[in-house]
Amino acid sequence: MALTGLEIYKLLPKTNCKECGQPTCLAFAMQLAAGKTSLEKCPHVSEQAKEALGAASAPPIALVKIGSGERVLAIGNETVLFRHDKRFEHPAGIAITVADNLPPEELASRVEAINRLCFDRVGQMHCVDLVFVENRSGEPATFAAAVKAVKEKTNLGIILGSENPDAVAAALGEVAAQRPLVYAATAANYEKMAALAKQHGVPLAVRGENLSDLADLVNKVVAMGAKELVLDTGAREVNQVLADQTQLRRQALKRFRPFGYPSIVFAIDPDPVRRVLEAAVPLAKYAGIIVLDTVDPAEILPLITLRLNIYTDPQKPIAVEPKIYEIGAVTPQSPVFVTTNFSLTYFCVAGDVEASRVPGYILTVDTDGTSVLTAWAAGKFTPEKIAAALNESGIADRVGHRKVIIPGGVAVLSGKLQELSGWEVLVGPRESAGIPAFLKQFWA
Amino acid sequence: TAETSLRPLFGRRLVTLAPPTLSDNTDDYGRLTWTLQQHGERAPFWAGYALLRSLPRVLREANWQVAVELAAVEGATEIQGVIPASGDLKGPFGLAVDIGTTTVAAELVDLATGNVVATAGTYNRQAAFGDDVISRIIYATETAGGQAALREAVTETVNGLVGELLRLRGLNPEDVRAVVCAGNTTMVHLFLGIDPTYIRLEPYIPAVNMPPPVRAAELGLAAHPEAWVYCLPGVASYVGGDITAGIKVSGIAAAEPLSLFLDIGTNGEMVLGNQEWLMACACSAGPAFEGSGITCGMRAVSGAIEAVRVLPGGFEVIYRTVGGEKPLGICGSGLIDLLASLHQAGVIDRGGRFVPDQESPRVREGSEGLEFVLAWENETGTGREIFVTQADIQNLMRAKAAVFAGIRTLLANVGLPLEAVEKVFIAGGFGRFLNIRDAIAIGMLPDLPLERYTYIGNSSLKGARLALLSQAVWEEMKAIARRVTYVELSVGNRFMEEFMSALFLPHTDLSLFPSLGKERD
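Which chain is which? The protein sequence lines are A and B, in order. Just so we're aligned: the first sequence equals residues 10 to 453 in our numbering. Just so we're aligned: the second sequence equals residues 2 to 522 in our numbering.
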């Protein structure tokens with residue numbers, strides 16, 4: 010298991026020299042334990058400590074990079090079974106298939122369609138990552154030509170989908186510099202495939218018939234000098250995929266070396282709904298690459314969204330979305346409460362507004378998930394920010410009046426807020442428990 | 002041992018210089034510093050212009066037998082005065098000052114003997130500009146002249162105390178030759194007139210954690226104008242020199258057992274560690290346990306209810322007040338008792354909410370929901386009832402949850418369980434009757450054997466005095482402050498999760514409080 014901060018600290022030089030960018034050796038040890046810094050930052054660590062820490066802090070799952078340039082996909086380096094234990098590090102890659110025997114125009118238009126699988130999620134573009142070129146023709150020359158055509162149409166990473174070493178060799182002649190993933194080494198071809206991967210310095214997928222077969226094959230491939238691997242357990246039914254992916258991750262975290270690599274799975278169900286679900290399971294459960302045979306944006310969008318959510322760092326304040334919430338059957342005459350987006354704060358206010366039986370709006374201001382007084386103390390709940398929220402949230406269009414109720418704890422903000430926002434500011438009770446009584450008295 | 006280790010930041014050293022001869026033609030100043038060095042005083046030395054001008058005459062008039070006044074400043078020794086050894090020498094005197102957010106305490110100390118000759122305390126006049134450090138930072142930074150007003154307020158407070166102490170002993174300000182102040186980081190900034198703006202803004206950076214000494218004259222302090230004013234070294238924005246003092250006084254930095262130091266006040270600073278490592282955080286418990294922010298809350302002074310029992314059903318209440326006076330309000334230790342007792346009596350549930358439909362006449366509807374009457378109007382010193390509201394109880398729940406969550410978060414950072422804590426030192430203004438058993442019962446303190454707990458009172462003032470009387474302690478405190486790792490609780494959500502889990506009596510996870518279960522059985 011990973012070392013605790015204290016265990017790491019005992020191995021550090023304890024100089025508190027700050028050269029690692031941390032104020033003390035203990036702070037550095039805690040950052041190391043959290044995987045937020047690396048041991049190289051410490052210039053004074055002894056060789057002995059390096060060895061002890063290196064072995065303990067080396068990631069149980071190797072980092073594998075596919076592709077080149079800006080669109081390189083990095084997967085692996087994972088350290089946990091559940092995201093809340095720390096976080097999932099590298100979002101799974103989504104690959105889309107292209108058959109090598111398509112007519113050139115169809116091939117081109119399919120790759121273009123893949124290039125367009127980009128979506129705006131919370132202000133950022135999120136796209137599919139890889140093109141899986143499938144050697145359906147069985148012909149090395151056709152395969153190499155198709156791979157070349159794909160390379161010219163996209164800057165996404167490429168997976169060379171062929172078990173024929175000759176076809177892979179021919180394709181590598183076209184795209185080796187782009188660091189494609191070779192798929193796949195099997196019991197029948199692994200010697201040639203491993204040699205090719207080693208020769209061109211590209212990552213190699215290894216496919217076994219089952220887990221134990223895969224482990225044997227990985228050992229053989231590693232013995233031949235291939236280092237960057239991606240694992241395929243051979244499972245194609247979603248229940249078996251789930252079982253295998255879980256075992257791969259679990260054993261890897263127990264330092265079973267043959268499984269210390271990211272994995273690849275296929276979502277191949279002909280039914281689109283089932284296909285998306287088939288892809289969603291391994292997305293949540295440890296897969297490094299998920300291959301789909303579809304260019305329908307309606308199928309890809311939910312997967313991109315799910316991936317973004319699952320790979321979000323959970324070490325963030327517990328917050329609700331900063332927006333307008335409606336409690337009860339609101340009307341343009343309903344009161345408007347303003348509070349922070351700390352979830353505990355919001356749910357207290359929401360509960361007490363509900364208890365008052367007066368429908369109302371709650372406008373939560375983004376304070377990085379901190380409570381009213383904490384946000385006030387840290388300058389995150391300011392008249393400027395509240396005024397901006399009042400003006401930009403659209404609350405003005407929903408109510409006929411211009412009165413806003415602020416928490417009693419920050420009564421001091423009322424004057425400036427009134428001036429900045431043009432809204433009449435009513436100072437509510439200090440505790441949300443007082444909202445029902447407050448409304449009875451001041452909101453006829 | 003106090004005698005042998007006495008080596009104050011300011012002292013007089015009696016020395017006899019070898020008179021110059023034709024074969025020993027060292028200059029007067031060189032002769033003086035050489036002699037001081039022979040007596041073990043610390044080089045380098047430096048002296049002011051005025052002293053050098055009068056030195057030749059003073060040395061000869063005193064027949065080379067002089068008392069040299071020495072101040073330790075940042076690793077060097079300043080020669081502040083040279084006077085004939087034969088004169089009538091009283092003192093010199095020094096001051097130890099604890100600049101608390103709410104109260105300021107000072108001790109007048111005879112630097113020759115190390116004895117405290119007078120003690121005084123009062124309220125910090127900065128309270129006029131805000132009850133807590135945050136309001137004061139905001140006042141200082143957002144009001145024209147705010148920073149100056151706050152500096153004047155605290156200077157007047159300290160000067161008032163000094164005047165009182167000097168009057169008691171018939172001394173003059175000039176007799177005070179060194180001042181050591183302990184305070185939280187914000188207090189030190191405001192006292193020295195240093196811009197506190199960025200203390201409260203992310204990423205929470207103070208101007209200085211270890212301020213160099215400043216002349217009393219520059220601060221307008223009632224002391225010898227050349228006296229140095231030393232502020233104890235702090236760690237971070239919300240862990241200041243008062244906590245460094247607490248670490249020193251509790252001895253946790255020099256001992257083997259894993260220890261926890263808790264300052265149960267508004268800022269809720271705590272330190273975990275031992276001789277190998279130290280880690281600190283501030284859990285912002287709020288002023289509830291200092292009696293502030295609670296409807297009938299007050300400080301632990303005469304008339305404060307400091308211990309309470311609510312009998313089952315909530316019909317009868319037994320309490321004890323400080324000084325046995327008629328009750329005026331309730332202080333921190335009383336509030337801890339009350340919370341534990343209301344729960345045991347079945348008046349409030351584990352979430353701290355009043356259990357509805359109670360028959361007790363003490364439970365009644367108030368303006369902010371239900372409230373509980375502790376003392377009827379005919380029993381109190383004010384002629385008004387003393388009661389706690391639902392909002393007060395929620396306030397206390399949050400305060401106790403913050404303390405416990407802080408402890409759990411510190412431990413989690415080093416991967417240790419609660420049981421690993423071998424000693425707990427508690428500082429804070431609770432008076433004599435902090436009931437550890439009840440503090441555990443409400444889930445504020447970890448469920449450890451009672452013998453592991455020690456209450457150490459005002460460790461801040463004591464630490465200031467120790468530093469004043471020992472250059473070694475002063476240096477040690479700087480080394481301690483440098484060693485402490487500050488944990489920012491607003492980073493990550495572990496503290497928030499711990500906080501929410503602790504918002505119950507005693508906690509959502511009852512297995513953390515095994516001894517309470519036993520009591521119920």
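Calculated directly from the structure, the hints in this document are not laboratory data. Treat each hint with caution, since some may be false.
What the hints assert, rightly or not - Label-pair distances were calculated between CB atoms; the ranges are:
id, chain 1, residue 1, chain 2, residue 2, range
1, A, Gly44, B, Ala149, 44 to 52 angstroms
2, A, Asn164, B, Glu203, 49 to 57 angstroms
3, A, Leu72, B, Ala149, 29 to 37 angstroms
4, A, Glu60, B, Thr120, 39 to 47 angstroms
5, B, Glu203, A, Glu330, 42 to 50 angstroms
6, B, Asn275, A, Asn86, 56 to 64 angstroms
7, B, Asn275, A, Arg266, 51 to 59 angstroms
8, A, Arg407, B, Gly416, 16 to 24 angstroms
9, A, Gly234, B, Gln276, 36 to 44 angstroms
10, B, Ser368, A, Val421, 16 to 24 angstroms
Built from N, CA and C at the ideal position, the CB exists for glycine as well.
Worksheet item: Tell me, which hint numbers fail for this structure?
Response: 2, 3, 4, 5, 6, 7, 8, 9
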